[in-house]
Amino acid sequence: MTLMDFLNFHLVPGIVLGSIYAVGAIGITLVFGILRFAHFAHGDMATLGAFIALALVTAGIDPWRALPIAMAVMAVVAIGVDKLFYDYLKARPKIVTVMASLGVALMLRAVVQVVFGVDPRTYASGIVRPDDYFGILLRDRELYTLAAVVLIVIGLTLFLRHSRWGKAMRAMSDNPDLARLSGVDNRKVTMLTWAIVGALCAASGFMLGINNELHSMMGWQVLLPMFAAAILGGVGRVEGAVLGGLIVGIAEEMSIFILPAQYKAATAFVLLLLILLVRPRGLLNGKVL
Amino acid sequence: MALLDMKDVRGGYGDADVLHGVSMRVGEREIVVIVGPNGAGKSTAMKSVFGLLTVRGGSIVFDGEDITGWAPDRIVQRGICYVPQVDNVFREMTVHENFEMGAFLRRGDLSAAYDRIYGLFPDLKAKRRNLAGDLSGGQRQMVAMGRALMLDPKLLLLDEPTAGLSPKYMEQIFQITRDVRDAGVSILLVEQHAKQALAFCDRGYVLATGANRHEGSGQALLADREVAEMFLGG
Ligand SMILES: Nc1ncnc2c1ncn2[C@@H]1O[C@H](COP(=O)(O)OP(=O)(O)OP(=O)(O)O)[C@@H](O)[C@H]1O
Ligand SMILES: [Mg+2]
Numbered sequence: 001m002t003l004m005d006f007l008n009f010h011l012v013p014g015i016v017l018g019s020i021y022a023v024g025a026i027g028i029t030l031v032f033g034i035l036r037f038a039h040f041a042h043g044d045m046a047t048l049g050a051f052i053a054l055a056l057v058t059a060g061i062d063p064w065r066a067l068p069i070a071m072a073v074m075a076v077v078a079i080g081v082d083k084l085f086y087d088y089l090k091a092r093p094k095i096v097t098v099m100a101s102l103g104v105a106l107m108l109r110a111v112v113q114v115v116f117g118v119d120p121r122t123y124a125s126g127i128v129r130p131d132d133y134f135g136i137l138l139r140d141r142e143l144y145t146l147a148a149v150v151l152i153v154i155g156l157t158l159f160l161r162h163s164r165w166g167k168a169m170r171a172m173s174d175n176p177d178l179a180r181l182s183g184v185d186n187r188k189v190t191m192l193t194w195a196i197v198g199a200l201c202a203a204s205g206f207m208l209g210i211n212n213e214l215h216s217m218m219g220w221q222v223l224l225p226m227f228a229a230a231i232l233g234g235v236g237r238v239e240g241a242v243l244g245g246l247i248v249g250i251a252e253e254m255s256i257f258i259l260p261a262q263y264k265a266a267t268a269f270v271l272l273l274l275i276l277l278v279r280p281r282g283l284l285n286g287k288v289l
Numbered sequence: 290m291a292l293l294d295m296k297d298v299r300g301g302y303g304d305a306d307v308l309h310g311v312s313m314r315v316g317e318r319e320i321v322v323i324v325g326p327n328g329a330g331k332s333t334a335m336k337s338v339f340g341l342l343t344v345r346g347g348s349i350v351f352d353g354e355d356i357t358g359w360a361p362d363r364i365v366q367r368g369i370c371y372v373p374q375v376d377n378v379f380r381e382m383t384v385h386e387n388f389e390m391g392a393f394l395r396r397g398d399l400s401a402a403y404d405r406i407y408g409l410f411p412d413l414k415a416k417r418r419n420l421a422g423d424l425s426g427g428q429r430q431m432v433a434m435g436r437a438l439m440l441d442p443k444l445l446l447l448d449e450p451t452a453g454l455s456p457k458y459m460e461q462i463f464q465i466t467r468d469v470r471d472a473g474v475s476i477l478l479v480e481q482h483a484k485q486a487l488a489f490c491d492r493g494y495v496l497a498t499g500a501n502r503h504e505g506s507g508q509a510l511l512a513d514r515e516v517a518e519m520f521l522g523g
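So the protein lines, in turn, are chains X and L.
Everything in the first sequence is counted per the numbering used here, starting at 1 for the first residue and increasing by one.
Everything in the second sequence is counted per the numbering used here, starting at 290 for the first residue and increasing by one.
Just so you know, the hints here were simulated from the structure itself, not pulled from any lab data.
All values reported here derive from a predicted model rather than from experimental measurement.
A couple of the hints might just be wrong.
To be verified - EDC-like mimics (lysine to aspartate or glutamate), calculated; alpha carbons at most 16 Å apart, straight line:
(1) X:K188 / L:D362
(2) L:K457 / L:D412
(3) X:K287 / L:D376
(4) X:K287 / L:E381
Put together the whole structure using the sequences plus the hints.
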C-alpha cells in the first residue's frame, strides 16, 4: 500500500468520521459536565436531527442550508425533552435520569420510524467523484463536514471562553454550588446547555447522514463511539471530546489492519475499556466519573 | 439596630435538626467570630443565613427585612456574600474569571471593582491568568474572598478562611479581613484558630451542639475560664 492509499483510504475517512464523533462527544461531555448524567438519548436525538434535515431537503432546501435550520429545531426539541422528562427527575438520584434518557431514546426512535419509515434514505442520490487536492482525494461533502466541524468547535470555544453565559456554563460544570452562590440561575444554564446540545446532535446526525445514509438506528449505533470519545478526552472537556473523537474515528478506520472488518465497531469499546483502566479521568484530566 | 439578627434559628439538612436555637447579631462594621468544637454547627449556622438549609423555626432579619427561607440568589442581591469552608473557588477557571463570576449579577463598568480587589490582594494581580486550582492554599483563599467581595456586599460570611494555612498567611488573611471591615463591610467569621480570632474580633459567640453557649466581646471570652478550658485548650 502506498502512502497516498493509506492517507486516502484510511486516514482521511478516519478524520472525517472522527470529527463527526467529536461533535457528538462535545454534547455528551457538556451534559456530563454540567447536568451530571450520561445522556443515552444523545444518539437518537442525532437521528431525529438528521431526519428533520431530510424533511427540509425533501421540501427542496439545499442540504447544507437545511443543517442550521435542523440545528435550531433540535435546540428547541432538546429543551422540550428536558422540560417534559429530565426536569421532573432532577431531585432524584442521577441514575433515574439516565434510565429516563434510555426511554427518551426509544421514544425518539419510534417517532422517526413512524414518520420516516425504517428504510435507509439519503440526502442526495448518485455517485459523487472526489476531487484531487495534491493527491489527497476529498469529496465536497467531506470538505464541508470538516469545515463545519472546525467552525462549530471554534464558535463553541469562543462562546465558552469569553461570553457571560458561556462562563456561567463552565462555572456550573466546575463548581455548581459556588455558581449558585454567585447568583447564576441554574434553570437558565440548563436550558442553554440543552439548546447547544440539541443543535450539536442535529449537526452530528446530519453529517453522518450526508457522508453515508440515514436510517432509524444510525444514532444509536454511534452512541458507544461518542461516549468513548467523551470519556477518552476527559469528561467535561470540550477540547478533550474533539481529541477523543478524532482518536476513536481514526482508530476505527485503522482497526482493519489488525482486526477483521466486521469487528470495526468493537474498536471504540476496546478504547473505552483501556482508558477506564489506565487513565479513568481521560487524556485531559476530566471529572471523576 | 443590628445589620443581621438571627433569633432562635432551628433547622438542619434532612429531617433531623442540627441547629437547636441559635441566636446571633452582627452590627454595622463589626467583625463577629463564631468558635466552637468540630461538628458544633458553625458552618450550618452560617448556611442558614444564606438560605442553604431548611429553617424550621426562628427568624433571620437582614437590614430590616425578614430573609428567612429566601433562596441564595435573592440573598446575594440583598448584599450578603458567602465564602464556603471548602470548594470555594472555581478551580478550572482563572483568577480573573473567578472574580468575574463573583460579579455575575453586576452589570456595567466593573473596572473600579477589579481595581479594588487587586488592591486588596496585590499578589493575585500577577496570577490573574492562572487557574485558581493551581494556586497555593493561601492564595486560593484570597481568590475565594475576592470572588465574594466583587458584589460589594454589606455583610461577608467567611467560613474558616485560615484553615490549613501557615501562620504567615493566617496573619495576612486576618489583616485583609480588617481592611475589608474598615472599608465598611460587616463580617461574620467562623474560626478554628479561636484565640487569634477572638483577640482581633469585636464580638464572639461560642457554639456547641447546635446552640449558643457563650457570647461577649472577644476579650471577655478570652478571659472567661470556662470558655478557655472547654474550647481554647486551657
Ligand atoms: N450537608 C450535610 N448534610 C447532612 N448533615 C450535615 C451536612 N453538613 C453537616 N452536617 C452535620 O451537621 C452537624 C454540624 O456540622 P457543621 O459542618 O455545621 O459543623 P462545624 O461546626 O462547621 O464543624 P467544623 O469545625 O468541622 O467545620 C454535624 O453533625 C454534621 O455531621
Ligand atoms: Mg464548618
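- Item | Hint consistency between X:K188 and L:D362 [alpha-carbon to alpha-carbon, up to 16 Å] | Measuring from Cα to Cα gives roughly 13 Å; hence the hint holds.
- Within 16 Å, alpha carbon to alpha carbon, are L:K457 and L:D412? Roughly 14 Å separates the two Cα atoms, so the pair holds.
- Hint consistency between X:K287 and L:E381 [alpha-carbon to alpha-carbon, up to 16 Å]: Given pair X:K287, L:E381 holds - Cα atoms ~11 Å apart, limit 16 Å.
- Message: Check the hint pairing X:K287 with L:D376 against an upper bound of 16 Å on the C-alpha distance.
- Response: Holds. X:K287 to L:D376 sits at ~15 Å (cutoff 16 Å).
Taken one by one, the earlier hints all hold for this structure without exception.
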